[in-house]
Every structure is written in C-alpha cells, then in structure tokens.
Amino acid sequence: MDENKVIICRCEDVTLKEIRDAIRKGFTTVEEIKRVTRSGMGPCQGKTCGLLIAKEISQMTGKPMEEIELQSIRPPYGGITFEEVTKGTVMENDK
Amino acid sequence: MKNKANVVIIGGGVVGCSIAYNLAKKGVKDVVLLEKSYLSSGATGRCGAGVRQQWGTKQNCLLASESMHIFEHFEDVLQIKRDIELKQKGYLLLAYSDKELEQFKKNIEVQHSLNIPSILLTPKEAKEIVPDLNIEKLVGAAYCAKDGHANPFQVTLGYAEAAQRLGVEINKFTEVKDIITKNDTVLGVQTNKGFIECKKVVVAAGGWTQNIVKMAGLDLPIYSERHEILVTESVKNVLDPMLMSFSYNIYCQQEPNGSFIMGYGPENEPPSYNMESSWEFLETMSKKATWLLPPLKNIRVIRQWAGLYNISPDRQPIVSQINQLEGLYVACGFSGHGFMLAPAVGILMADIVTGDQLTYNVILDLERFNRGEIIEEPSVV
Chain A
1 MDENKVIICR CEDVTLKEIR DAIRKGFTTV EEIKRVTRSG MGPCQGKTCG LLIAKEISQM
61 TGKPMEEIEL QSIRPPYGGI TFEEVTKGTV MENDK
Chain B
96 MKNKANVVII GGGVVGCSIA YNLAKKGVKD VVLLEKSYLS SGATGRCGAG VRQQWGTKQN
156 CLLASESMHI FEHFEDVLQI KRDIELKQKG YLLLAYSDKE LEQFKKNIEV QHSLNIPSIL
216 LTPKEAKEIV PDLNIEKLVG AAYCAKDGHA NPFQVTLGYA EAAQRLGVEI NKFTEVKDII
276 TKNDTVLGVQ TNKGFIECKK VVVAAGGWTQ NIVKMAGLDL PIYSERHEIL VTESVKNVLD
336 PMLMSFSYNI YCQQEPNGSF IMGYGPENEP PSYNMESSWE FLETMSKKAT WLLPPLKNIR
396 VIRQWAGLYN ISPDRQPIVS QINQLEGLYV ACGFSGHGFM LAPAVGILMA DIVTGDQLTY
456 NVILDLERFN RGEIIEEPSV V
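In order, the protein sequence lines correspond to chains A and B.
In this text, residue positions in the first sequence follow this note's numbering: the first is 1, and each later residue adds one.
In this text, residue positions in the second sequence follow this note's numbering: the first is 96, and each later residue adds one.
Where hints are given, some of them may not hold.
[As the list claims (entries may be wrong)] Here are the computed distance ranges between Cβ atoms for each label pair: (1) B/Val333 to A/Asp13: 17 to 23 Å; (2) B/Arg177 to A/Glu83: 37 to 43 Å; (3) B/Gln452 to A/Lys17: 26 to 32 Å.
[As the list claims (entries may be wrong)] Straight-line Cα separation of at most 16 Å, EDC-like style, residue types lysine to aspartate or glutamate; simulated pairs: (4) B/Lys97 to B/Glu375; (5) A/Lys63 to A/Glu83; (6) B/Lys383 to A/Glu83; (7) B/Lys382 to A/Glu83; (8) A/Lys25 to B/Glu256; (9) B/Lys131 to A/Glu31; (10) B/Lys288 to B/Asp273; (11) B/Lys120 to B/Glu170; (12) B/Lys121 to B/Glu375; (13) B/Lys392 to A/Glu84; (14) B/Lys383 to A/Asp2; (15) B/Lys288 to B/Asp314; (16) A/Lys87 to B/Glu375; (17) B/Lys267 to A/Glu31; (18) B/Lys382 to A/Glu84.
Hint data in this document are derived by calculation from the structure and do not stem from the laboratory.
Bear in mind the structure is a predicted one, so any value in this text is a computation, not a measurement.
A virtual CB, placed ideally from N, CA and C, is assigned to each residue, including glycine.
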C-alpha cells in the first residue's frame, strides 16, 4: 500500500503519510493532527477521517482505541448557508 | 520533565512559545514551558488569524509593525522551515460616521510616524478593492495593504520548534496546580507531573492567567470574555483584505485556503470562561455578513466555536513583572489581539525577565493602572 496515495481526509486531501508523519512528530491526539494537517476541517467536519486517524494513533502509540478522544463536534452539525440561517429556510429533510 | 529550571513559562499559546524562544535566544538556559493541553489549544488556536498594524495607540502600532516584520521573515528569523501562510492582502477598516472617519485620520497619523503604509479611502475606492462590498451608509475607509493573515497554529509550532532547538523543554498536557512562594519570592511550580524548582515564572495563560496568578495569592485587573467565531466552506478567492468595522461590529476575511472566517464583539457578554457556541451568534453573524457582502448568502457555514478574550482596563497588553512577588511575570490582557503582537511581546518579555534594556519604548507594566497612565486603544472589535 502506498501511503502517499491513501487519502484519509477527503475534504482536505490529507494522505495517510501526512497523518503518520504528524504522529511521528509527537502529535498524538486527533485535535493536534487536525490543526497540523487540516484533517477534519472541511465540510464533513471529520465524520469520515476522525475514526481513521484515531486508529492510526492507536496503532502507532499502542494506546487503546477507547482512550483516544475524537475531535470536538462543533455546530452546525451539517453545512448550512447564510441564507438558510437568515431566512429560516426549511431543511430538505423537513419538507 | 526537569525538576529544576531557570524560568518556567506557563501557557503554550503563541505568546508563551514566543517568550520561550526569545529567552533561549538570549542565552537563558533551562527554560521549561508548561501547557495543560496541546500547543495553541486556547485563544491562539481559536482566533480570527488576522495580523494588522492599523492601531490607534503608538505602542500597539509599534509592537504590531515590529511583529509584522518578523512574520514577513519568519523562517529566516527563527531559522526553521515552516509555511505560516502569511497573506498580505490588507485590512480594510470601514467607517460609518464622520466621527469614526476622524478617528481613522488620527490613527493614520500615528501609524505614519512609524512608517506603517496606511491610507484613507473613499467608499468608491473601497469598492474597487472589494467589488462585492455593500457600500450603503459607508462614509470612508482606512486601508493598509501590508496587513493580512497568518496561520496561528503554524506560527505557534514554529516558535515551539525553534525554542526546542535552542534547548527549551516543552511539556504538553501538563497542568499547573500551584505556584509555591516564600517571603514574597517564587520558589517553584507544582504540576500534575511533579514539582519544578525555579526562581522565575512567566504566566502567559491567556484567559486563565488570572487563575494561575491567584494560586500565588495575587489579583490582576483582567477578566475573560467569550467571543464567538465561525468558518465557511472553501470557495474561490473573492475577498482580498480583512474587512473590519468597529461601529458595525464585524471582522471577516477569506483565508488562503478559500474559507471565510468571521466574528463580532458580543454585547452584554458577562465575564466568564464559557466557550460554548450559540445559535444567536450564528443568526446575527449571518445577518451581518450577508448585509456587508451579499454574495456570501449561498456559502455554507461549516463550523463555529468560541474562545476567550482576556481583557485589560485599557485594552492594551500587560507585559510586566509583578512587584508584590519577586520572580513572577505576566503577559496577559491582550484584549483580542495577542496573536498579531506575539513576536514583539516575546522579545519584550525576554528583556524584562533578563533585566536588559527594553528593545521597544513601550509602557505595558502592571503599575500603569495605579499611576493612572491609561491610554485606551480605540480600535478593538
């Protein structure tokens, strides 16, 4: 497997190599890796990459998965346009 | 972790890391930095990432322009390889009354005395720089093309890396539990990982500085206040400068990656350590932003968060020794602009701690409030 070709964060195009390099440099929390690589800062807000990164941290540091904190979940839960906020537009699922 | 140090710095934000680097650069050995979480986890990593030189007081202008010079030559000055994403596409300050424009004119005079290249613009000229700008009610603007954006995480990590290269020990996830003193003199710092004996302690803990200093039994004239902020999805570049208005109360810029980042100063926000996000902020921010830049309406907000402003009585930093306790120093009260001043503040604090003559002619000591020498900074969001 070429870790340069494996994309872990699809929103910000962060590769497995970049994640592993960050862990090797001592950034062993999901929050730090987010700030160093931008993983989890895109539209999906880490819903895809968060667990994958936690798994890498666990494998490389030997820390059990259940002890690795995922990144903070911040509002809004899904992307929302400024117009939807100001106009109170009905969200698709509520129609 | 070392159990003995010359200087212990409490706080791993951009200010603490800049102080650590500058102390080591001056040749101070055995400097230890303590951070209760990860580096830049407090206000540094939560800020709007703006760097500007357009201030109202001479000393803020001086510290900001000296800091900008360091941002411009960051890799050379620190001798590291790190892209801090400096984007010098300007700050455009919007005036909505003649009185506000008059203040800008006064500020520009002060700025020009320090060779800061700021200019006054008509609404039409402002619109040439930002074609999407709604210029309704706009009276004029101030603009400095050399202001802009830098990445707070990268700047902090750059200082940390350079400090470590010079021998500084950085301990992340290490919490200070007590400052031990005897006969009004610092003896050491108790952490959750052990005791460090030291004669000098610098507290640069952002919104928590007053709590740390309280451990030594002292009170500071500062308080912390929640300020909220949000970021959008990344879109093509349409906004060059940071837009800012003190009266309309907003700041908004597009970062190099294409995201818009924006916030405003809360009204009637009580002093607190609250960092929760609110629906009210999202709603008010959306109204403000889409009035100022109408094409924003179709862009998605993807994340909002909050951080703490640490506010001083004159909205200027406190970079000072504490006279009541030998060996205790504070860098706090940045009132929302610590990131952009951190390079110069690090140099200043290193001068104070080593007892050298100050590199900058500024009065930021704690005693200024007792002397009544307060000149309030007029240009804060």
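Hint check:
no.	hint	verdict
1	B/Val333 to A/Asp13: 17 to 23 Å	holds (22 Å)
2	B/Arg177 to A/Glu83: 37 to 43 Å	holds (38 Å)
3	B/Gln452 to A/Lys17: 26 to 32 Å	violated (48 Å)
4	B/Lys97 to B/Glu375	violated (46 Å)
5	A/Lys63 to A/Glu83	violated (44 Å)
6	B/Lys383 to A/Glu83	holds (11 Å)
7	B/Lys382 to A/Glu83	holds (9 Å)
8	A/Lys25 to B/Glu256	holds (11 Å)
9	B/Lys131 to A/Glu31	holds (14 Å)
10	B/Lys288 to B/Asp273	holds (12 Å)
11	B/Lys120 to B/Glu170	holds (15 Å)
12	B/Lys121 to B/Glu375	violated (47 Å)
13	B/Lys392 to A/Glu84	holds (8 Å)
14	B/Lys383 to A/Asp2	violated (47 Å)
15	B/Lys288 to B/Asp314	violated (26 Å)
16	A/Lys87 to B/Glu375	holds (14 Å)
17	B/Lys267 to A/Glu31	holds (13 Å)
18	B/Lys382 to A/Glu84	holds (11 Å)
Of the numbered hints listed earlier, those contradicted by the structure are 3, 4, 5, 12, 14 and 15.
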